[in-house]
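Following the hints, put chains B and C in place on chain A, whose structure we already have.
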Amino acid sequence: MRNSDNPQINTSGELIHLLSIEGLPKAMIHRILDTAETFLSVAERQVKSVPLLRGKSVFNVFFENSTRTRTTFEIAAKRLSADVVNLNIESSSTKKGESLIDTIDNLAAMSADMFVVRHSESGASTFLAQHLNKMHGGNIHVINAGDGRHEHPTQGLLDMFTIRQYKKQFTAIRVAIVGDILHSRVARSNIHALTTLGCPEVRAVGPRTLLPGHLEQMGLKVYNDLLEGIRDVDVIVMLRLQRERMRGALIPSAQEYFKHYGLTVEKLKVAAPNAIVLHPGPMNRGVEIDSMVADGPQSVILKQVTFGIAIRMAVMSILASPKTGEKP
Amino acid sequence: MRNSDNPQINTSGELIHLLSIEGLPKAMIHRILDTAETFLSVAERQVKSVPLLRGKSVFNVFFENSTRTRTTFEIAAKRLSADVVNLNIESSSTKKGESLIDTIDNLAAMSADMFVVRHSESGASTFLAQHLNKMHGGNIHVINAGDGRHEHPTQGLLDMFTIRQYKKQFTAIRVAIVGDILHSRVARSNIHALTTLGCPEVRAVGPRTLLPGHLEQMGLKVYNDLLEGIRDVDVIVMLRLQRERMRGALIPSAQEYFKHYGLTVEKLKVAAPNAIVLHPGPMNRGVEIDSMVADGPQSVILKQVTFGIAIRMAVMSILASPKTGEKP
Amino acid sequence: MRNSDNPQINTSGELIHLLSIEGLPKAMIHRILDTAETFLSVAERQVKSVPLLRGKSVFNVFFENSTRTRTTFEIAAKRLSADVVNLNIESSSTKKGESLIDTIDNLAAMSADMFVVRHSESGASTFLAQHLNKMHGGNIHVINAGDGRHEHPTQGLLDMFTIRQYKKQFTAIRVAIVGDILHSRVARSNIHALTTLGCPEVRAVGPRTLLPGHLEQMGLKVYNDLLEGIRDVDVIVMLRLQRERMRGALIPSAQEYFKHYGLTVEKLKVAAPNAIVLHPGPMNRGVEIDSMVADGPQSVILKQVTFGIAIRMAVMSILASPKTGEKP
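Residue numbers (the working numbering), protein chains in the order written: chain A, -13 to 314; chain B, -13 to 314; chain C, -13 to 314.
Think of the hints as simulated: they come from the structure by calculation, not from any bench.
Among the hints, a few may not be true.
If several chains are the same, the list does not tell them apart, and a pair holds so long as it fits within one copy or across any two.
To be verified - Only pairs whose alpha carbons sit at most 25 Å apart, straight line, appear in this in silico SDA-like list of lysine to any residue:
id, residue 1, residue 2
1, Lys34, Ser67
2, Lys289, Arg150
3, Lys12, Asp211
4, Lys12, Val286
5, Lys309, Asn210
6, Lys120, Arg31
7, Lys153, Ser108
8, Lys154, Glu50
9, Lys289, His122
10, Lys154, Asp276
11, Lys207, Leu197
12, Lys120, Gly205
13, Lys34, Thr310
14, Lys309, Ala158
15, Lys120, Thr292
16, Lys255, Glu107
17, Lys12, Pro186
18, Lys153, Pro308
19, Lys34, Ser307
20, Lys289, Gly205
21, Lys34, His117
22, Lys34, Ala306
23, Lys120, Gly272
24, Lys120, Ser27
25, Lys34, Asn210
26, Lys120, Arg226
Quick caveat: nothing in here was measured; it's all calculated off a predicted structure.
So here's chain A without its partners, still in its complex pose (with noise of 0.2 Å):
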């Protein structure tokens, strides 16, 4: 029934949970895109809900607080008129001393369809997508709202539907990822994602010590310099930078970081012409990014929002699907 290896994939091929951008065949990315192209006009529409999830259960366990990014999802679940609860995991049972797996079960025992789940563990959504296909056979789905520094997979989705939009392809475009890399989960799904989608450049930029070591072997192009990183390419995914990571001292001051990695109208300029410029947000403008570029012509960050919504409704409506993957 299972595909061990790769747990959000059944043995007949089918999406069963959302995990990682990792293993997720060309064809999966594809559909998802597309499936999102279709809700795209729901959003436009005056009445915005369709009613694909009516009656399902759908569980945001955010184990990690993050307002912006739960919203995302409850909107989206909302929009497909599935029944919404939301748990701050913080602040509840755990404190009690339970464990994460009780946590699950019990939600799973109350009859849920679907979880969406951010830890500040990597690899925990995947750890309970196995236990969840253990004990329901893969009738119970999982979405990764990020998981430690590991993945971001949605986020990820959105922005190669981003891209698609604007760039019509992913196969003779140039990328450049820039900033914290070594922290990041959405860098991670995107260097998995424009990988698989054919992309035939990636560039990771930044500061040394805010790169890992081994994206030559993943096939990237390592700059730490922003004006050559950037020069010519197509689109530019800027990264967040943590706060934290100059307390770390990783990077001497959000001044400096700005003068060195901060994207200027003027640095932009030797990008391609059409160059568009992502951010996953929330921006920290001034350190890596202008407010001249935020809200200028070649900013999509907007779009990537209302894009998400979409990428959301389409996951979700996909594992919701009737599978004809064996039953275990």
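Relative to chain A, chains B and C alone:
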């Protein structure tokens, strides 16, 4: 498309936001009160919901925590069949340094239809409405749920609704507003509403330290003595005394305040025989109001709460109704 | 109109609140269990919602935080199509000095249909039900979701449902309740339920410091030795050991407690061959229960959670159904 002096009204004279009672035409106030009347009966039905906002997304964005006020808007929106998302932004990404505008732009990009905003800064909701008018041409609506010491217009409207239910008109009544007018957005909204509706006598009653300086220019009669202030009035609006005012040394103590400005059954006798007593809640029993008055036959305090749901449903349904005003 | 001794039953014998198992007639318990049975199948359907509470407003008012219990009621109400509002009152206007009654009166004035109340004070929900009966003639319903050390009636009912599912009857079984009975509202609800349903042998098992004094008068057999206490029983209800009891010096340590009162596979062998093990959750694995038992074939702990949703749907739908009892 927009009226830059008064961003809540479009050039066709239609309500596109509710930001303040100041600047709200008399006919619009009456239209809101009339609409609320039709919703009162909804609350008494077995099925209390109507589909007027089905498929619309209402965001309760509270930068200042208020479970009570947030709940009234949540209930109103749910009874109109809207999808409601609650955001307590104190504990959210503003901590990560995201600006007010970035927060709202992000939520707008999720295809929001309406924002209910509470903020500690006066003018915050007006600022957001102007920004949304510029970005979205008046298609995304803002309701001010209290901004600093400025206004709390739905409270003002529900107070007018309450007065109209009991006194039938505004043009032959005396109204006394009693207490901490200096810090009260409720008082400001009520003063503007009563003035617009043609109330011939509005009195401000309280200690000198809790009355602003410009009241007489606004047409109010000012009293520092409670008995003089409420003598022969038809309506008494008691204000909540914030306990922090005592720490701030604006008043000596709760006991002392109650002795001079606390409304008791005995003192209430000097008002007109059928005078009604309003309070926006939550009450400090034994500070600004005695329980015998709060729970007595002249109190309409719980009626205000019931009417408040109808008023909020009215405002939301008017804002969401199709506009004839030219598009930007 | 009301029965002042037992505010949960009206003079026509109909259930208008669920406050305690004590005072709940046997026929009413069976009616709730039978109704729950019809809702079990709802959870297994593709569309898990039914319109029984459409347009009704259910308020989860938790004066004591419990994400887990609150979620079960939220899910139950949403599956009945009610509008649900969650209020965590710890962090709300009680901080501003508003009284319990004022809080509930305000919510009732918003046209509430049902309150689910958790409170740290024993009797809090009964007090509220009496007040609401007086003010609203039994048309606004209260469900006690745990009040101090008094009762947790929906937990008691779901435990009875679980026992009935596995043992088919109550009149020929032995039940042992094990652990901190002194502080347990779950134990009190279970003892009243089992007694009412005619269970011939209910045992209380635990250290002297965690057993109240009056158990024998209630008809229970008291055991301080676990093996004696569970010998030949058909049902074992394990109670959660609050960790604060250890700080309070009522028991020496978690290790010591586990040695004497922790249920292991070995100890479980002295019970009847098909004995079932219940636990209200969240479990302290390795304190009151070993994981081999918690996850073993005799454990029905996750089934309790599933049944708990059905029980809460049953209670809510019975409370919301039209009453024939005379109006006030």
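Consistency of the hints with the structure:
no., hint, in the structure
1, Lys34 / Ser67, "both (10 Å within a copy, 12 Å between copies)"
2, Lys289 / Arg150, "within (12 Å within a copy, 47 Å between copies)"
3, Lys12 / Asp211, "neither (32 Å within a copy, 62 Å between copies)"
4, Lys12 / Val286, "within (24 Å within a copy, 43 Å between copies)"
5, Lys309 / Asn210, "neither (46 Å within a copy, 53 Å between copies)"
6, Lys120 / Arg31, "between (40 Å within a copy, 21 Å between copies)"
7, Lys153 / Ser108, "neither (32 Å within a copy, 44 Å between copies)"
8, Lys154 / Glu50, "neither (35 Å within a copy, 44 Å between copies)"
9, Lys289 / His122, "between (37 Å within a copy, 14 Å between copies)"
10, Lys154 / Asp276, "neither (27 Å within a copy, 57 Å between copies)"
11, Lys207 / Leu197, "within (12 Å within a copy, 67 Å between copies)"
12, Lys120 / Gly205, "neither (35 Å within a copy, 44 Å between copies)"
13, Lys34 / Thr310, "between (29 Å within a copy, 21 Å between copies)"
14, Lys309 / Ala158, "neither (35 Å within a copy, 45 Å between copies)"
15, Lys120 / Thr292, "between (35 Å within a copy, 18 Å between copies)"
16, Lys255 / Glu107, "neither (39 Å within a copy, 39 Å between copies)"
17, Lys12 / Pro186, "within (15 Å within a copy, 65 Å between copies)"
18, Lys153 / Pro308, "neither (33 Å within a copy, 36 Å between copies)"
19, Lys34 / Ser307, "both (20 Å within a copy, 15 Å between copies)"
20, Lys289 / Gly205, "neither (28 Å within a copy, 50 Å between copies)"
21, Lys34 / His117, "between (35 Å within a copy, 24 Å between copies)"
22, Lys34 / Ala306, "both (19 Å within a copy, 14 Å between copies)"
23, Lys120 / Gly272, "between (48 Å within a copy, 24 Å between copies)"
24, Lys120 / Ser27, "between (37 Å within a copy, 23 Å between copies)"
25, Lys34 / Asn210, "neither (45 Å within a copy, 54 Å between copies)"
26, Lys120 / Arg226, "neither (37 Å within a copy, 27 Å between copies)"
Checked against the numbered hints listed earlier, the structure breaks hints 3, 5, 7, 8, 10, 12, 14, 16, 18, 20, 25, 26; every other hint is satisfied.
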